[in-house]
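Number of protein chains: 2
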Amino acid sequence: MNIEMIREAQARLEGHVRRTPLLNSPFLDEIAGRRVWVKAECLQHTGSFKFRGGWSALSGMAPDLRARGVIAFSSGNHAQGVALAAARHGARAIILMPSDAPKMKIDNTRTLGAEVVLYDRATEDRDEICARLTAEHGLTLIKPFDDPMVIAGQGTCGLEIAEQAAAEGISQADILVCCGGGGFASGIALALEANAPKLRVRTAEPEGFDDMARSLASGTIERNSRMSGSLCDAILTPQPGDLTFPILSRLAGPGLAVSEDEALQAMAFAFSRLKLVAEPGGAVALAAALFHADEIEGEDVIVTISGGNVDAGMFHMALERFGA
Amino acid sequence: MNIEMIREAQARLEGHVRRTPLLNSPFLDEIAGRRVWVKAECLQHTGSFKFRGGWSALSGMAPDLRARGVIAFSSGNHAQGVALAAARHGARAIILMPSDAPKMKIDNTRTLGAEVVLYDRATEDRDEICARLTAEHGLTLIKPFDDPMVIAGQGTCGLEIAEQAAAEGISQADILVCCGGGGFASGIALALEANAPKLRVRTAEPEGFDDMARSLASGTIERNSRMSGSLCDAILTPQPGDLTFPILSRLAGPGLAVSEDEALQAMAFAFSRLKLVAEPGGAVALAAALFHADEIEGEDVIVTISGGNVDAGMFHMALERFGA
Numbered sequence: 002m003n004i005e006m007i008r009e010a011q012a013r014l015e016g017h018v019r020r021t022p023l024l025n026s027p028f029l030d031e032i033a034g035r036r037v038w039v040k041a042e043c044l045q046h047t048g049s050f051k052f053r054g055g056w057s058a059l060s061g062m063a064p065d066l067r068a069r070g071v072i073a074f075s076s077g078n079h080a081q082g083v084a085l086a087a088a089r090h091g092a093r094a095i096i097l098m099p100s101d102a103p104k105m106k107i108d109n110t111r112t113l114g115a116e117v118v119l120y121d122r123a124t125e126d127r128d129e130i131c132a133r134l135t136a137e138h139g140l141t142l143i144k145p146f147d148d149p150m151v152i153a154g155q156g157t158c159g160l161e162i163a164e165q166a167a168a169e170g171i172s173q174a175d176i177l178v179c180c181g182g183g184g185f186a187s188g189i190a191l192a193l194e195a196n197a198p199k200l201r202v203r204t205a206e207p208e209g210f211d212d213m214a215r216s217l218a219s220g221t222i223e224r225n226s227r228m229s230g231s232l233c234d235a236i237l238t239p240q241p242g243d244l245t246f247p248i249l250s251r252l253a254g255p256g257l258a259v260s261e262d263e264a265l266q267a268m269a270f271a272f273s274r275l276k277l278v279a280e281p282g283g284a285v286a287l288a289a290a291l292f293h294a295d296e297i298e299g300e301d302v303i304v305t306i307s308g309g310n311v312d313a314g315m316f317h318m319a320l321e322r323f324g325a
Numbered sequence: 002m003n004i005e006m007i008r009e010a011q012a013r014l015e016g017h018v019r020r021t022p023l024l025n026s027p028f029l030d031e032i033a034g035r036r037v038w039v040k041a042e043c044l045q046h047t048g049s050f051k052f053r054g055g056w057s058a059l060s061g062m063a064p065d066l067r068a069r070g071v072i073a074f075s076s077g078n079h080a081q082g083v084a085l086a087a088a089r090h091g092a093r094a095i096i097l098m099p100s101d102a103p104k105m106k107i108d109n110t111r112t113l114g115a116e117v118v119l120y121d122r123a124t125e126d127r128d129e130i131c132a133r134l135t136a137e138h139g140l141t142l143i144k145p146f147d148d149p150m151v152i153a154g155q156g157t158c159g160l161e162i163a164e165q166a167a168a169e170g171i172s173q174a175d176i177l178v179c180c181g182g183g184g185f186a187s188g189i190a191l192a193l194e195a196n197a198p199k200l201r202v203r204t205a206e207p208e209g210f211d212d213m214a215r216s217l218a219s220g221t222i223e224r225n226s227r228m229s230g231s232l233c234d235a236i237l238t239p240q241p242g243d244l245t246f247p248i249l250s251r252l253a254g255p256g257l258a259v260s261e262d263e264a265l266q267a268m269a270f271a272f273s274r275l276k277l278v279a280e281p282g283g284a285v286a287l288a289a290a291l292f293h294a295d296e297i298e299g300e301d302v303i304v305t306i307s308g309g310n311v312d313a314g315m316f317h318m319a320l321e322r323f324g325a
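In order, the protein sequences belong to chains A and B.
Take 2 as the starting number for the first sequence in my numbering and just add one per residue.
Take 2 as the starting number for the second sequence in my numbering and just add one per residue.
Looking at chain A on its own, in the form it has when it is part of the complex (with noise of 0.2 Å):
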């Protein structure tokens, strides 16, 4: 893994994948106390950055393998970024999705041309139907984080903000990255310490959820203790990945982590201030860089709203709540 995978991803990109905006607003930065940029990510193409690491990874297989097709397994973003890269390059997606994920999720992958098989989290094995399904159809899988194309897809990302920053005369800041198993902050690290050595990353989690902070801090990969019990559904994962956690634990800054309501009350925020839609899960960042001030360093803070796929009741809620 490292930064020419990046730049050669770049290259794939080109053309397919948008070049987001970096946004702020001076209410934003009041509340901060410093200047606060929003890279937003929801804007990309299936409502977040996932896309980017579904087409690097489609872009970058062999012609005959691609034919044959390739499989994910995702709950929701993942999912549809992988189904949209797939239909684009005519290949075939099976995307396994439990059969209790948000419906509007899974008729999305499906209306972006992915086959989805639904399974039983309770009574069936996933990993078993995945291995079965992949090898009956010579399907290649798409891991979500911890695959280094797709992690060089997610870089890609971070390309673009080192370019943003610099041309607003941002030579120095902490980058708040929103996180699950890390594939988007540690291709963004890798990205940063080629193109922009002062800007480093910081993960974003939910509180009781926050295993890559823990495991920064000690150094070695962490648990989390439970999966469920958190609106942030789309960066719940078990632990860091084999492939992010040594990156991050060389480039990035420690680990920040939010509490649901201050998640909650970003959305609005991104509402009201930048007229984005962000979900609870990309939404973590700038509650840290809003509501976490003393942890952090610097004049200028960025903050990726790494995907804005919420329904209509979630977004209501968090406007009744938090709303102006």
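A couple of the hints might just be wrong.
Note that identical chains are pooled: a pair holds if it fits in a single copy or bridges any two copies.
With a straight-line cut-off of 20 Å between C-alpha atoms, the simulated SDA-like cross-links for lysine to any residue are [said to hold, decoys possible]:
hint, residue 1, residue 2
1, K104, L320
2, K199, T124
3, K104, R322
4, K144, D312
5, K199, A269
6, K104, E321
7, K199, I4
8, K199, I130
9, K104, A269
10, K104, G324
The set of hints was computed from the structure by calculation and includes no laboratory data.
Computed from a predicted structure; not experimentally measured.
For chain A, the structure is supplied; the task is to place chain B on it using the hints.
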């Protein structure tokens, strides 16, 4: 009023105004039956395209006049655009707002550094107050749309659309622009005439307030019969401007009008498919593209989302009625 003024405005706006993205979604394409491209001016500073005109006017003033300050009247988006542009130029801004304007918009305008003067629509004469303050303080009035420098600023959005359309391979299309007095539409029309003459502006308005569409049809300026009773507050004006109408009369195609329900439904689609916050008046062009497809020509349509300054209650209503 000519293209040179728009190009000069662009030079003054460079580095101060956002180049907003041109977004799309396969889900919207399917509804519209053609490719739909969205110019997301809700992501502009202050949440609407009005900041372009405000910056153009302030930056184009003689320094001694600017030092005395500016005045504007507006219940919302123009107020905030002028307030921020004035603050960043170190100029005094007095904004006349009706006392029943949304509290959030009054608060924002103040927080952006303007002196807000409230007046009672029922008992006080806005024009009289404005004339008195202007004379008393030697202020310069920045009109909301019928002002060459303001039109030139709004036109910079058209220069961006011309470039972005070319980059997407779009050589011919209808460009639907949310329309009040016609400053935004006429500026874009002049920019496209020069830089992309096969992109044709068409105005989008709320039903019952389609003064521009009727004026374009009859060839003479027609008034709206009423000035309230629409959720699309940002684009309710008595009649087309004396400067804007001749430009649109020469360059625009037939105007479009959409129902309130169509505007609200377009807001819900902007939420779910683009992750954007649109206000009702900012969503009428998208509504026209989605729900009046038979009145539009070509394989591509470009629409503006002109603003996103909507409160949580109104946004919730749109999602509750039309959200997924």
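Evaluated hints:
| no. | hint | in the structure |
| --- | --- | --- |
| 1 | K104 with L320 | between (22 Å within a copy, 17 Å between copies) |
| 2 | K199 with T124 | neither (49 Å within a copy, 59 Å between copies) |
| 3 | K104 with R322 | between (25 Å within a copy, 18 Å between copies) |
| 4 | K144 with D312 | neither (25 Å within a copy, 40 Å between copies) |
| 5 | K199 with A269 | neither (31 Å within a copy, 40 Å between copies) |
| 6 | K104 with E321 | between (23 Å within a copy, 17 Å between copies) |
| 7 | K199 with I4 | within (16 Å within a copy, 43 Å between copies) |
| 8 | K199 with I130 | neither (45 Å within a copy, 53 Å between copies) |
| 9 | K104 with A269 | between (24 Å within a copy, 17 Å between copies) |
| 10 | K104 with G324 | between (26 Å within a copy, 14 Å between copies) |
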